[in-house]
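**Student:** Can you make the complete structure from the sequences, with help from the hints?
Note that my numbering has the first sequence beginning at 1, numbered continuously upward.
Quick caveat, the hints were computed from the structure, so don't treat them as lab data. By construction, the Cβ of each residue, glycine as well, lies at the ideal position given by its N, Cα and C atoms. A few of these clues could be false.
Listed next, with one range per pair, are the computed distances between beta-carbon atoms [claimed, not checked]: (1) R129 <-> A256: 18 to 26 angstroms; (2) G255 <-> K211: 47 to 55 angstroms; (3) D119 <-> D192: 42 to 50 angstroms; (4) P191 <-> G222: 42 to 50 angstroms; (5) K211 <-> E89: 25 to 33 angstroms; (6) A19 <-> P263: 45 to 53 angstroms; (7) L135 <-> E16: 13 to 21 angstroms; (8) C46 <-> E125: 22 to 30 angstroms.
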Amino acid sequence: MPELPEIASRAAQMTELLAGKVIQEITVLQPKCLNIPAAEFQASLCGAKLGKTTCRGKWLFTETDLGRLLLNLGMGGELLLVKPDRLPEKRRLVFHFTDGEALSVNFWWFGYAHFTRPDELHRHEMTARLGPNALDVSLKDLAAAAKTQRTRVKSYLLDQSKIAGIGNAYIHDILFQARLHPLTQLITLTPDQISGLHAAIRKGLTTSLEKGGAFYEVDLLGRPGGFTMDDILIGYKEGKPCPVCSTPITKIKTGATSSYICPHCQPL
DNA sequence: TATCTTGTTAATCG
DNA sequence: ACGATTAACAAGAT
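**Tutor:** Okay, structure coming up:
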């Protein structure tokens, strides 16, 4: 559940469904996703009472009275609240609660479940450098950054230390709505283009956020998000006509990632 | 079999 | 120092 819309809706749901639960036992099926030895992780969180869950970028932060649980679902994953006899086949970690329910954690590639003690919150390297959530970045902030940051617009948007929460799925439509080629130098943007980009970020993310995230991820109860392919303008629609000018959408390589663009609407 | 992928870090080059 | 690029890492689908 990689990007901000999924993470933010999941955080809200976790607070709603998990706050108040007490961890009784933790099953660790994949120790590699932890930041500390499994035994220490289990000992640290057993007996913890869960508080609210918040998010920053692609990270979920669940507060407990014994420390903080940090989750990053990597390139896709599931958090499922189930009865212990209904656990999914694929799982890396299971939190058993004293009320008889269980939270199963899985990711299909690269994910993290980390723990920090209350006095070490600031020492967590992987989240310490995250920038503000994408929806909290003001037009003024973006304009200021665009004056000094010498990089390509796509690289900038994906840089979690600058803006947190945008990934390589939502970025296609964000750049399309802003009418910008991914490889455009940020520093060359006009004030109009910057305000267009700011609006496109908000539009691209809130549309999905309001629908509970993307269809390819499910919530704690196993329900898929309401943001479907029909809501996507050009992303993953190679060869299909651009909704604005009907030019076929193309897929191009942009560094290590791919980008879907309308070559007519987003010239370099 | 080869290649793709919603993420992040580290190493390397210019 | 900084930006760009590549590889690596715990998988699964096509």
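**Student:** Going through the earlier hints one by one, which of them does the structure break, listed in rising order?
**Tutor:** The structure breaks only hint 2.
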